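Novice: Given the coordinates of chain R, assemble chain P onto it according to the supplied hints.
Each chain is listed here by its residues.
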Amino acid sequence: MDQELLIALTIGAPTLAGLGCLILNDKIARKVIVSLSAILLIGSSFILFNGGGFSYEPNSILDTLVLFFDLMLLVYFFYVGIKFKNILVIGLSLLQLLPVLYFEFILHGVEGTPTFLIDELSLLMSLIISIVGSVIVIYGLNYMDEHEEHLHIQKSRQNRFFFFMLLLLGAMHGLVFSNNLYWLYFFWEITTLCSYELIRHDGTEIAIKNGITALWMNLIGGVAFVLTLFIGYYYFNSIAIDEILKMYQSPVVLLFLAVLSFAAFTKSAQFPFNSWLQGAMVAPTPVSALLHSSTMVNAGIYLILRIAPALNNSALSYSIALVGAFTFLTSAILALNERVSKGILAYSTIGNLGLIFLCIGINTPLSYASALALLIFHSVSKGLLFLCAGVVENRVHSRLIEDWEGLIRRLPATSIIMITAMLSMFLPPFGMLLGKWVAIEALSSSYYISSMLIILLLVLGSAATSVYYIKWLSYLTVLPLDGKNFESEKIPWSYVISLLTLFGLIIIMGTGVSSVFNLLILPTLPSNYYTNIDASIINLNTGIGSFVTYPLWLIIAAMVFFGYTLSKRKGGTVKPPYLSGENVVDDPTVFHTTADGIAKIEVSAQFFENEFSNNRLLVLSKILGSIIIMLLFFAVML
Amino acid sequence: MLENISLNTIFSIVLIFCAPIIGGFLMGIDRKLTARMQSRMGPPIIQPFYDVIKLWGKEPFISSTLQPILAFCYFGFSLTSFALLALGQDLLLIIFTLGIADSCLIIASLNSKSPYSVLGGKRELLSIMSYEPVLLLTAISIYYVTGSFMVARIFYLSYPLISYLPLVFIALIPVLVIDLKKSPYDVSASGHAHQELVRGVFTEFSGYSLALIELGHWTKVVMMLSLVSLFWATNLIIGICLALVLFFIVLVIDNVYPRLDWKSMLKTTWSIGIILIIANIVGLIARVVMHI
Chain R
1389 MDQELLIALT IGAPTLAGLG CLILNDKIAR KVIVSLSAIL LIGSSFILFN
1439 GGGFSYEPNS ILDTLVLFFD LMLLVYFFYV GIKFKNILVI GLSLLQLLPV
1489 LYFEFILHGV EGTPTFLIDE LSLLMSLIIS IVGSVIVIYG LNYMDEHEEH
1539 LHIQKSRQNR FFFFMLLLLG AMHGLVFSNN LYWLYFFWEI TTLCSYELIR
1589 HDGTEIAIKN GITALWMNLI GGVAFVLTLF IGYYYFNSIA IDEILKMYQS
1639 PVVLLFLAVL SFAAFTKSAQ FPFNSWLQGA MVAPTPVSAL LHSSTMVNAG
1689 IYLILRIAPA LNNSALSYSI ALVGAFTFLT SAILALNERV SKGILAYSTI
1739 GNLGLIFLCI GINTPLSYAS ALALLIFHSV SKGLLFLCAG VVENRVHSRL
1789 IEDWEGLIRR LPATSIIMIT AMLSMFLPPF GMLLGKWVAI EALSSSYYIS
1839 SMLIILLLVL GSAATSVYYI KWLSYLTVLP LDGKNFESEK IPWSYVISLL
1889 TLFGLIIIMG TGVSSVFNLL ILPTLPSNYY TNIDASIINL NTGIGSFVTY
1939 PLWLIIAAMV FFGYTLSKRK GGTVKPPYLS GENVVDDPTV FHTTADGIAK
1989 IEVSAQFFEN EFSNNRLLVL SKILGSIIIM LLFFAVML
Chain P
127 MLENISLNTI FSIVLIFCAP IIGGFLMGID RKLTARMQSR MGPPIIQPFY
177 DVIKLWGKEP FISSTLQPIL AFCYFGFSLT SFALLALGQD LLLIIFTLGI
227 ADSCLIIASL NSKSPYSVLG GKRELLSIMS YEPVLLLTAI SIYYVTGSFM
277 VARIFYLSYP LISYLPLVFI ALIPVLVIDL KKSPYDVSAS GHAHQELVRG
327 VFTEFSGYSL ALIELGHWTK VVMMLSLVSL FWATNLIIGI CLALVLFFIV
377 LVIDNVYPRL DWKSMLKTTW SIGIILIIAN IVGLIARVVM HI
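In order, the protein sequence lines correspond to chains R and P. My numbering runs 1388 ahead of the 1-based position in the first sequence. My numbering runs 126 ahead of the 1-based position in the second sequence.
By construction, these hints were calculated from the structure, which means they are not laboratory data. Keep in mind it's a predicted model, so treat the numbers as computed, not measured. Take the hints with a grain of salt, since some may be wrong.
[Stated by the list, open to error] Quick partial rundown of chain R residues pointing at chain P, CB under 8 Å, derived from the structure:
1) Ala1851
2) Ser1862
3) Leu1867
4) Lys1963
[To be verified] Derived CB-CB ranges, DEER-like:
5) R:Ser1838 - P:Gly273: 11 to 21 Å
6) P:Ile411 - R:Leu2012: 21 to 31 Å
7) P:Gly183 - R:Ile1427: 58 to 68 Å
8) R:Lys1419 - P:Phe143: 36 to 46 Å
9) P:Gly273 - R:Val1728: 43 to 53 Å
10) P:Ser289 - R:Phe1618: 50 to 60 Å
The C-beta atom is built at its ideal place from N, Cα and C for all residues, glycine as well.
Pulled out of the complex, with its shape left as it was, chain R reads as follows (with noise of 0.2 Å):
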């Protein structure tokens, strides 16, 4: 098939299947409409990574377009700042209209071709948002309805929530196959429109709020886009990121990029730009899901993925790195004490996108693969988790963790999925924690004496992830001791297809580690970046060390089964709880206390609120991080 076809169905089909449900507010016609553009997206992205890369100029009417809709997203912004009075909306969108109508009216502008160029990366992306997106897409079909019964909504406005949904899609793959920097910009600001009108989607006081939030932090990235712009015209002559990245290390290429990476980081939301993802928990779930796991953040990411080969060996580079450590171990931290589920997982997001960015800034072979791995299976499981979330939520109706108790028992199906979720983050030998792995080798050896701070920051935040992690998850298999059975779970079609599969794909990728770094991973390196990473099935062989993978699943396989046929074989009755010898006979729930009275057994969930308060931490860790985030224009100069 014609690879500009593909290209045009892989950004079209979406928005215009959004464009379907906007119109049609109907039940039956969102979901033909949803599942079949899911269908060709997942389609055309594979036939696109089978394919290869290539370059592709498309008819110049579309850059009129690009100008036309870039500018009308603009005022709209500008729109929603007078609407709204906030003064940061106003002045941020201002800042970018004014110099984006003198760039094109006045300066016209400057080539940037070609317009699309599709690399290994474009496609990993491609591929990454088709699947994981649709997916969210095809569970958000079931969730909205279940969420706007809840909250008794009379006329559906799911119209507009999957417009913003796959307009989401389509402006991503639009983003990471673009060469141009003004249609990145412009491919950019719809992710930021999406994002927003997303976030504020339910329309509560809370969900204007985070909205604002998210738009008024995304447009600052915005703004540094519009200075990439100038930078290019001034002094390349040019705004084809390929040729600006092939040209020598100077100052001013350094400060491009310096650029690029501060827009990355608000989208991604490392510190201090953290509070608009905290904030879009409050979203319907399949808004977290898509904007944590595969869109949005994924977007800054792609950034600096894209230029992390110009950077080689800069201060710069070490300072994205110093970013991303820092996030991480900050985010793993504030997690210990967060109570909120969506809450926990939104840290866990922003902490792995930092260890994401830290693997980029280190910027060795060995680093960068790492930094896809960690991309990938992080895309999945981070996915799978929101939507189990979501589901748990729907079903109990509450975020808190604590109310989550003895979910095992209530919700069977969706518990050991999520649990299965939940040790794919920070166990081996599933892929995110062989990512990190392969972080930590190729962080020891990169040889500077500078990387021992950051393998310090990564080592204490593995740490402190692990515990909020084994914390939720054994909340949830706690089985109250009212005796009851476990009761049967019934689940919608759209969740059965969408959680069962992400939890295949995390199974299959797991057990095929070495495949998806054959398949995915090594062909993506830039082609500069040598490896000596050799993955056969029984092991992962960085050079340095080896990830035994095949006969770690068949131990973990082999201990389940024995572990199950000897509790099977030697049984034994479930008997109350040791309580000092004050159990009341015939219920186990509750104890003698003082004065023959009688009490519940009370146990919480471990927080460390007399330790150290969040709200302090946080206002600290956004200072420190706004530091460390000036360092990237520090390092310029270097």
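Specialist: Frame of chain R; chain P shown alone:
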């Protein structure tokens, strides 16, 4: 050459299956020595084996259906992690595998609705948070010496590891104290019941699950001591003596120091432990740079 490798492998496999037994004897010695330090007679050295055999035959009581499976996994993954060590595999992987074993124990203790067990589980979680960074940094500092994360490479060094990494060796002492659940860091559970904790993480285990947990604990002790013995891997006899000396030091510490709370445990490992390791690595790099 090929004969040599297969002989080594056979030796390793025999060693893997002996690990719990060695651990049992170490526990027996532990009890005997501790008793002597407290002017008691103490039980016979094979008492731990009697205990486990008796536990195995007891009437099975469980606190949740998951508990025995997790107890089995705790033992299994401790053994796996030791096996990886004995087969000369990647140090980081060994530490992560040990992490699976620990997670199993913690989940098993947290998922029963027992106040003592949950308290112990929470503290065990903090114990891991305290020592895992130190272990990972130890692996990284070993990499700085050998240029590889593979345990097998340590045996090719011409000088023992401890001559390069003396401070790292000292940093491992608190880790060993935590891991053996000895005073002052026996916050999650200890050999004898404490008032506020009873038996901590182990409270809700009984019968065969407790036997499995005991076996797992023994294996883990052997695994940690083998890690220590790598510091003199050029002559493994000396390495083993080194590990036994450290074991004895831990016993002495246990009998000399009163218990401390988890905060001081976390502070010790995250400050002194890490500073020692970093100082050692910086020294190591400085030595290389000066040499050039």
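Novice: Each hint should be assessed against the structure and marked as holding or not.
Specialist: Against the structure, the hints:
Interface restraint check: alanine 1851 of chain R against chain P, minimum CB-CB distance 5 Å, threshold 8 Å, status holds. Below 8 Å, beta-carbon pairs count as interface contacts, and serine 1862 of chain R has one with chain P at about 4 Å; its hint therefore holds. Because the beta carbon of leucine 1867 of chain R sits about 5 Å from the nearest beta carbon in chain P, less than 8 Å, this interface hint is met. Checking lysine 1963 of chain R against chain P: minimum C-beta separation of about 5 Å stays under 8 Å; hint holds.
Distance hint for serine 1838 of chain R and glycine 273 of chain P: a CB-CB separation of about 20 Å, consistent with the stated range 11 to 21 Å. Taken as a hint, the range 21 to 31 Å holds for the pair isoleucine 411 of chain P and leucine 2012 of chain R, whose Cβ atoms sit roughly 27 Å apart. Between glycine 183 of chain P and isoleucine 1427 of chain R the Cβ separation comes to about 60 Å, which falls inside the hinted range of 58 to 68 Å. Between lysine 1419 of chain R and phenylalanine 143 of chain P the beta carbons are some 58 Å apart, a value that contradicts the proposed interval 36 to 46 Å.
Between glycine 273 of chain P and valine 1728 of chain R the CB atoms are about 45 Å apart, so this pair conforms to the stated range of 43 to 53 Å. For the pair serine 289 of chain P and phenylalanine 1618 of chain R, the supplied restraint of 50 to 60 Å holds, since their beta-carbon distance comes to about 58 Å.
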